[in-house]
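Chain order of the listed sequences is C and V.
Note that the numbering used here numbers the first sequence so that position 80 is 85, with each residue one more than the last.
Note that the numbering used here numbers the second sequence so that position 376 is 414, with each residue one more than the last.
For the record, the hints were derived by calculation from the structure and aren't laboratory data.
Incorrect hints may have been included.
[Unchecked claim] Think about it this way: if two alpha-carbon atoms lie no more than 27 Å apart in a straight line, the pair counts; the simulated BS3-like pairs of lysine-lysine are: (1) V:86 <-> V:129; (2) V:147 <-> C:18; (3) C:18 <-> V:380; (4) V:147 <-> V:86; (5) V:289 <-> V:324; (6) V:372 <-> C:97; (7) C:97 <-> C:18; (8) V:129 <-> C:97; (9) V:129 <-> V:55; (10) V:324 <-> C:18.
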Amino acid sequence: MSLSIDDVQRIAKLARIRVNAAEVAGYQTQLNGIFGLIEAMQAVDTAGVEPMSHAQDLTQRLRADAVTEPDRRQAFQAVAPQTENGLYLVPKVIE
Amino acid sequence: MLDHTLRSLSTLLADGKASSVELCRDYLARIQALNPTLNAFITVDADKTLAEADAADARRAAGQAGPLTGVPIAHKDIFCAEGWLTTCGSKMLANFVSPYDAHVIERFKAAGMPALGKTNMDEFAMGSSNETSYFGPVKNPWDSSRVPGGSSGGSAACVAAGLAPAATGTDTGGSIRQPAALCGITGLKPTYGVVSRYGMIAFASSLDQGGPMARTAEDCAWLLNVMAGFDARDSTSLERAQEDYTRDLTKPLAGLRIGLPREFFGEGLSGDTARAVEAAIAQYRKLGAETVEVSLPNSSLSVAAYYVLAPAEASSNLSRFDGVRYGYRTPEYKDLTDMYEKTRAEGFGAEVKRRIMIGTYVLSHGYYDAYYIQAQRLRRLIANDFAEAFKACDVILGPTAPSTAFRLGEKADDPVQMYLSDIYTIAVNLAGLPGMSLPCGFDGQGLPIGLQLIGNYFGEARMLNVAHQYQLATDWHARAPQGI
Numbered sequence: 006m007s008l009s010i011d012d013v014q015r016i017a018k019l020a021r022i023r024v025n026a027a028e029v030a031g032y033q034t035q036l037n038g039i040f041g042l043i044e045a046m047q048a049v050d051t052a053g054v055e056p057m058s059h060a061q062d063l064t065q066r067l068r069a070d071a072v073t074e075p076d077r078r079q080a081f082q083a084v085a086p087q088t089e090n091g092l093y094l095v096p097k098v099i100e
Numbered sequence: 039m040l041d042h043t044l045r046s047l048s049t050l051l052a053d054g055k056a057s058s059v060e061l062c063r064d065y066l067a068r069i070q071a072l073n074p075t076l077n078a079f080i081t082v083d084a085d086k087t088l089a090e091a092d093a094a095d096a097r098r099a100a101g102q103a104g105p106l107t108g109v110p111i112a113h114k115d116i117f118c119a120e121g122w123l124t125t126c127g128s129k130m131l132a133n134f135v136s137p138y139d140a141h142v143i144e145r146f147k148a149a150g151m152p153a154l155g156k157t158n159m160d161e162f163a164m165g166s167s168n169e170t171s172y173f174g175p176v177k178n179p180w181d182s183s184r185v186p187g188g189s190s191g192g193s194a195a196c197v198a199a200g201l202a203p204a205a206t207g208t209d210t211g212g213s214i215r216q217p218a219a220l221c222g223i224t225g226l227k228p229t230y231g232v233v234s235r236y237g238m239i240a241f242a243s244s245l246d247q248g249g250p251m252a253r254t255a256e257d258c259a260w261l262l263n264v265m266a267g268f269d270a271r272d273s274t275s276l277e278r279a280q281e282d283y284t285r286d287l288t289k290p291l292a293g294l295r296i297g298l299p300r301e302f303f304g305e306g307l308s309g310d311t312a313r314a315v316e317a318a319i320a321q322y323r324k325l326g327a328e329t330v331e332v333s334l335p336n337s338s339l340s341v342a343a344y345y346v347l348a349p350a351e352a353s354s355n356l357s358r359f360d361g362v363r364y365g366y367r368t369p370e371y372k373d374l375t376d377m378y379e380k381t382r383a384e385g386f387g388a389e390v391k392r393r394i395m396i397g398t399y400v401l402s403h404g405y406y407d408a409y410y411i412q413a414q415r416l417r418r419l420i421a422n423d424f425a426e427a428f429k430a431c432d433v434i435l436g437p438t439a440p441s442t443a444f445r446l447g448e449k450a451d452d453p454v455q456m457y458l459s460d461i462y463t464i465a466v467n468l469a470g471l472p473g474m475s476l477p478c479g480f481d482g483q484g485l486p487i488g489l490q491l492i493g494n495y496f497g498e499a500r501m502l503n504v505a506h507q508y509q510l511a512t513d514w515h516a517r518a519p520q521g522i
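Okay, chain V solo, but in the shape it has when bound:
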């Protein structure tokens, strides 16, 4: 099971060597055996999964199967799925059974891919370790004393441990790429606006973007073909022609110009990670690519700007959780304000409350220009840096995270240290560019290291090509954790 990519599962189904029901039963059995240790799933519902698998088998029998029909997938619990508990990792939504499907869920249903369950995540996607989940932390399959990264930690862990062949994730400041790096899988955050946010519970709307998490770049390309596309219900969904993201996978890399931002190779980067990324650069040169040094001079300020903009948007988005229309309501209250304040105090965890308070402050009278507008100006400078860099290169390469998976609890009490785990990923969200992480080696303790690729706007197909060619020449992505 661990060895299977979407492509190999698709072939098994097409050749009649397995049915979707059989595949789903196998994955559900693995989930049952390993989830008590990993805590990667919040909700599993075998009856629902098998009903969807049965429908996929019937569709195949009727000759109406697509390439991924019958191949199961797990969904981050941020995506509303009709009839499924959809918690967003929060006590606030611990009882919320969604009455509708997110666009992404509709797309996977239309492709005939059964849902294996809803994966654990940092509460409202706010976190880099999965420790802020109301449902407890996810364990890293490579070392259960360590975090899987976050916020899409359950999705990353379940793919790494072979509990699902693929999963959906979302990325506001690195929440697909950083857990993909820490769990040794491949994950992609598309250009802002490529995947609809409809039904994806909002954190910071100008930054949030859904994307695929899987074993390989090729699998991510297949999944992006399903997920991407215009949706009128998301006001920032882009009206573009449908792309085939697999179209460039087999292109040779000769002549490719890889930009190496000098700011990504300085202070704060662990030695093992720096060596693995250097080795990947050498591999790319062997494949015919040339490297050029580029500079992203304002990227060091991306974390500061992000922790103004994302909390500001979050404080607005999360005002909807007031105990009136859905979710948790405090059991005792004396008036409306009391109900709001107690509902939100009891329903939100500490990190979510911190971010709402930061956002409230930076948007408040007298501070708006000094914080919010200043952060938006920095955002422009950061985006301009990338535009300048892409004049000299086709794709930017660097580390995904400054270190490998840290220990559970190690940064849990220090928000600032936790925020700095996203130092290489956040600028990409501020600019709205596509980015991905793929495995490029292991540290001295056997923990996976992630290589980050950053593409120009709508450069997903090229970026996937660059990742796929690397994966043809290396086998880091094919390694699986021992004892799992």
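So that you can see chain C by itself, here it is in the shape it has in the complex:
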């Protein structure tokens, strides 16, 4: 497998990372190098092996539907780039 320049641009778009024209060839080489390492996996026959998503067999814990957290909006919004009236400000998305 080998990623093309277009593949790299498409992945960057999906990842919401701007990759400019000057950088894209560098990423292509590095990502292809890493996929070269990853491809070794394909040699193993894993038919019938149950995928392992986690080290422990856990079930989701449930808790009572009760308020447990105090209101710390001010403290949490103090670290935000831009807020107004307790809301996070972002560029307009709906016309």
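With the hints as your guide, set chain V onto chain C.
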């Protein structure tokens, strides 16, 4: 200062021969003198440290001191600490003052251990050399032209150089054990789920685990007693009874069965490291242990599987850094997508972007089964290998890293070579087992070599016993770098 273990500092405090404020002032002075060279700390705040030390002294005066009250510790900058700059080694969080404490930080505060500062690390814990930090690389105290390992490189370097008696670290693919090996200290990654991940900035959630880094196995046991325990705020925290990890330290090793995985002693291992590990095996035989050969046939594929699974989880975890709720936001943008893309392009470094892109690709439509599911199946085979090996032995032993500390810049432009420095550690994270690294000698250039121990699930106390008995019989862990 270099000679002090947590135990000896604890004794000094208990005997009234030193106060916490005095200890902290001494360490802060050493940090001030040596950090400009080593770059082990991102943030130091003497006023905060001394206020915590003062409170610890007051607690002792009131007769309410625990064994570690007043003993200072440094924290990897991945742990959120209220009122402290918490950067995770990234420009993305270069202005982030945490509004809350990680569970691990709460635990150390409750134990009365003052924080000496926040240690440097690879950006978002992605790296094996500390060179991906936005705040510049950490230097290895044994040779400042070399890397300290990573990602917990600042924590390892500060303990090795005596800037702190102990530090916290995190380990996703070897990030406690590999820097511990390269800096000549002792570090332990617990069984997955033993230490809460709450407030520990996420990289790959099914692999990330916090743990202690210190001079000795005994110190690590003391620290694990503080760090380990159930926390409802981490959905994968295990509900288990509190353990005393020091309980088995003094047990003799007679009858211990040490498994030697033949795959860990083959091609790619440097001669000096192989000789030091062989000498450690001989030492263990002298202590009464027997050795058995075991096999981990799928371990050679652990790096490949890891570089699918960890980036996949990272691409999801790091989607939260979008310039909206915290951290960096690009100064100029024309719409929301433009803001996201520029914020992330400017806020993340090259290695983090590479991993996010790999993760995005392997999770994308059409590639999910071939990469992500295949890697999860390999993960099962790797875990099964360990389960089989532990039928024949109590603990597995081998090298921590294939070579000693490499030169700054040597592997920085070649991600694949960098990834292979974790070839002996990654399988342990995939299986979720506990592992540790302890010093076992030096190479021809005077650089420390690490011995890796791997325990069965929840086998920390036994593993610490095995490490402690070795440290009673050897003095590799007590050596300190010259000229520091």
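Here's how the hints hold up against the structure:
1. V:86 <-> V:129: Distance of about 24 Å is within 27 Å: holds.
2. V:147 <-> C:18: 43 Å, violated
3. C:18 <-> V:380: Holds, at roughly 11 Å.
4. V:147 <-> V:86: 12 Å, holds
5. V:289 <-> V:324: Roughly 15 Å separates the two Cα atoms, so the pair holds.
6. V:372 <-> C:97: It holds: about 10 Å lies between the C-alpha atoms, which stays within 27 Å.
7. C:97 <-> C:18: Since the Cα atoms of residue 97 of chain C and residue 18 of chain C sit roughly 20 Å apart, the hinted pair holds (cutoff 27 Å).
8. V:129 <-> C:97: Within the cut-off at roughly 26 Å; holds.
9. V:129 <-> V:55: 43 Å, violated
10. V:324 <-> C:18: 59 Å, violated
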